[in-house]
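Chains as they are written, first to last, in full-length UniProt numbering: chain D, 1 to 189; chain S, 1 to 263.
Take these hints with a grain of salt, some might be off.
[Unchecked claim] Using 20 angstroms as the maximum straight-line C-alpha spacing, the simulated EDC-like pairs for lysine to aspartate or glutamate come out as follows:
| # | chain 1 | residue 1 | chain 2 | residue 2 |
| --- | --- | --- | --- | --- |
| 1 | D | K56 | D | D11 |
| 2 | D | K174 | D | E124 |
| 3 | S | K4 | D | E152 |
| 4 | D | K59 | D | E15 |
| 5 | D | K56 | S | E19 |
| 6 | S | K22 | D | E22 |
| 7 | D | K70 | S | E179 |
| 8 | D | K56 | D | E22 |
| 9 | D | K72 | D | D42 |
| 10 | D | K59 | S | D15 |
| 11 | S | K54 | D | E29 |
| 12 | S | K228 | S | E176 |
| 13 | D | K72 | S | E20 |
| 14 | S | K243 | S | E255 |
| 15 | S | K54 | D | E124 |
| 16 | D | K72 | S | E176 |
| 17 | D | K56 | S | D15 |
| 18 | D | K70 | S | E21 |
| 19 | D | K61 | S | E176 |
| 20 | D | K176 | S | E41 |
| 21 | S | K22 | D | E152 |
| 22 | S | K4 | S | E21 |
| 23 | D | K59 | D | E8 |
| 24 | D | K61 | S | E26 |
| 25 | D | K7 | D | D42 |
| 26 | S | K54 | D | E8 |
| 27 | S | K4 | S | E31 |
| 28 | D | K174 | S | E41 |
| 29 | S | K63 | D | E19 |
| 30 | S | K63 | D | D26 |
| 31 | D | K61 | D | E15 |
Calculated directly from the structure, the hints in this document are not laboratory data.
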Amino acid sequence: MNKPTDKELYDRIRERDREALEMLYDRYERLLYSFAFRMTNDSQASEEVMQDVFLKLWKDKGSGQYREEKGKFSSWLLTVTRNASIDRNRKNKTQEVEWEERDSRHEEMPGVEQEIESKEERDELQSAIHTLPDAQQRMICLFYFQGYSQQEISNACDIPLGTVKGRIRLALQKLKENLAEERGIDHGK
Amino acid sequence: MENKTCHHLIDYINDRLTEEEKQAFEQHLQECETCREELQEIEDAAGDTAFHVKQVDPPDGLKGRVLGHVLEEDQQEEPARVTAKKTWSGTKTAGVALAAGLLLSLGMNIYTTSQLQNLSSENQELEQELSDTRTALSDLQDEESGTSPGTQDSIQTATFLPSDEGQSGGTAALVEQNESAELLVQAQNLEALTNEEVYQVWLFEDGTPVPAGSFTTNEAGAGGVLYKLENRQGDWDAVAVSKEPQPGNEQPQGEVVMQAEWS
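Please take these sequences and the hints and turn them into a complete structure.
Below is the structure:
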């Protein structure tokens with residue numbers, strides 16, 4: 001049996017094919033949920049992220065639209081999930097200020113520094129981040145986990161706007177190497 | 001050659017551009033190979049990290065709730081977010097999505113009897129959630145009655161009690177929209193059927209039974225049906241399930257195994 005590719009499923013979803021949506025959901029549920037959970041550190045928020053992501057996909061508008069020049073489908077879908085998680089963190093943070101004083105949740109963004117201190121189970125990503133130099137850890141934290149804009153990163157790190165992209169690429173590159181080492185994968189280096 | 005638009009890459013990835021800037025950047029992506037490569041590189045690296053996250057088990061029923069939510073929003077075509085409603089607890093929200101999820105899944109014809117059996121094992125939780133659903137939806141209707149009079153949905157739920165000392169149980173949900181209605185029934189711990197026997201669902205209007213779908217059970221005695229009542233809205237006062245010697249009866253012939261009143 002030929003399994004449809006992600007792109008084929010996506011094209012069917014655009015034609016309102018519910019079965020394709022369900023197949024894509026099954027394919028990515030665990031990965032996306034785990035990722036959202038890592039980003040939000042909260043099961044209710046992760047569930048809302050899942051709803052946001054699949055609703056975007058189904059509605060096929062704006063940032064829910066995939067095109068091949070946007071890169072690999074799975075990378076794109078993870079980016080959508082990451083952005084939905086960041087949005088959710090922002091909203092929850094604001095809401096809690098408005099609602100009631102629940103200080104147990106989301107005191108901070110699930111930033112890297114905080115997570116490393118916590119005794120919660122470490123994952124490979126965490127260890128790989130931990131071995132980066134401080135400046136690169138911070139870059140990953142601001143760009144990746146907190147979704148800062150280029151200008152915000154430039155301000156926070158006090159570096160010229162024009163160098164932000166380069167720093168992010170470098171930090172991510174380094175992170176990728178660390179992850180490969182974590183896994184003991186030889187990338188031929 | 002980097003131009004001004006190239007500097008939008010980071011903000012594009014983090015979705016921090018205005019809609020106009022985003023469209024301009026996407027246009028630019030088609031022309032600028034460097035940006036395409038860098039986008040791919042960053043997204044790959046970012047995506048790659050996601051595979052190294054500790055895998056956690058999604059909670060039970062997540063799929064039904066997520067896909068249910070998608071369908072629900074889709075039908076409403078309305079930006080108002082159920083999840084953003086401040087007075088609701090998470091459970092109520094989940095209840096709405098769960099009910100919609102069940103309808104969605106059955107509508108997709110994807111759920112098999114054995115999956116229904118799994119569903120029925122969550123029956124108690126379901127009952128609670130259905131009851132929450134009712135509250136939540138009635139809240140929602142109150143909220144919306146002033147703004148969108150055209151989309152009058154109503155949902156009623158019922159919990160079956162066995163008619164004698166049997167152990168059967170189940171739940172029913174009736175969703176009425178415009179001129180039509182959908183009835184979802186799921187039950188478990190029913191006696192095994194023989195020959196052509198089926199479990200027949202009846203809706204009662206002023207004490208008169210109207211057939212509303214039939215189902216058979218799996219080895220574990222669980223089963224369910226999603227039944228559409230086209231162009232038929234009634235003042236239903238109860239719902240019952242009887243064991244009929246054959247499908248297609250217009251009047252109950254066999255014994256009623258469970259019944260419930262709408263609440």
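Structure-based check of each hint:
no., hint, verdict
1, D:K56 / D:D11, "holds (14 angstroms)"
2, D:K174 / D:E124, "holds (14 angstroms)"
3, S:K4 / D:E152, "holds (18 angstroms)"
4, D:K59 / D:E15, "holds (10 angstroms)"
5, D:K56 / S:E19, "holds (15 angstroms)"
6, S:K22 / D:E22, "violated (29 angstroms)"
7, D:K70 / S:E179, "violated (44 angstroms)"
8, D:K56 / D:E22, "holds (14 angstroms)"
9, D:K72 / D:D42, "violated (28 angstroms)"
10, D:K59 / S:D15, "holds (17 angstroms)"
11, S:K54 / D:E29, "holds (14 angstroms)"
12, S:K228 / S:E176, "holds (10 angstroms)"
13, D:K72 / S:E20, "violated (24 angstroms)"
14, S:K243 / S:E255, "holds (6 angstroms)"
15, S:K54 / D:E124, "holds (7 angstroms)"
16, D:K72 / S:E176, "violated (42 angstroms)"
17, D:K56 / S:D15, "holds (14 angstroms)"
18, D:K70 / S:E21, "holds (16 angstroms)"
19, D:K61 / S:E176, "violated (29 angstroms)"
20, D:K176 / S:E41, "holds (11 angstroms)"
21, S:K22 / D:E152, "holds (18 angstroms)"
22, S:K4 / S:E21, "holds (12 angstroms)"
23, D:K59 / D:E8, "holds (17 angstroms)"
24, D:K61 / S:E26, "holds (14 angstroms)"
25, D:K7 / D:D42, "violated (30 angstroms)"
26, S:K54 / D:E8, "violated (29 angstroms)"
27, S:K4 / S:E31, "holds (14 angstroms)"
28, D:K174 / S:E41, "holds (13 angstroms)"
29, S:K63 / D:E19, "holds (13 angstroms)"
30, S:K63 / D:D26, "holds (8 angstroms)"
31, D:K61 / D:E15, "holds (13 angstroms)"
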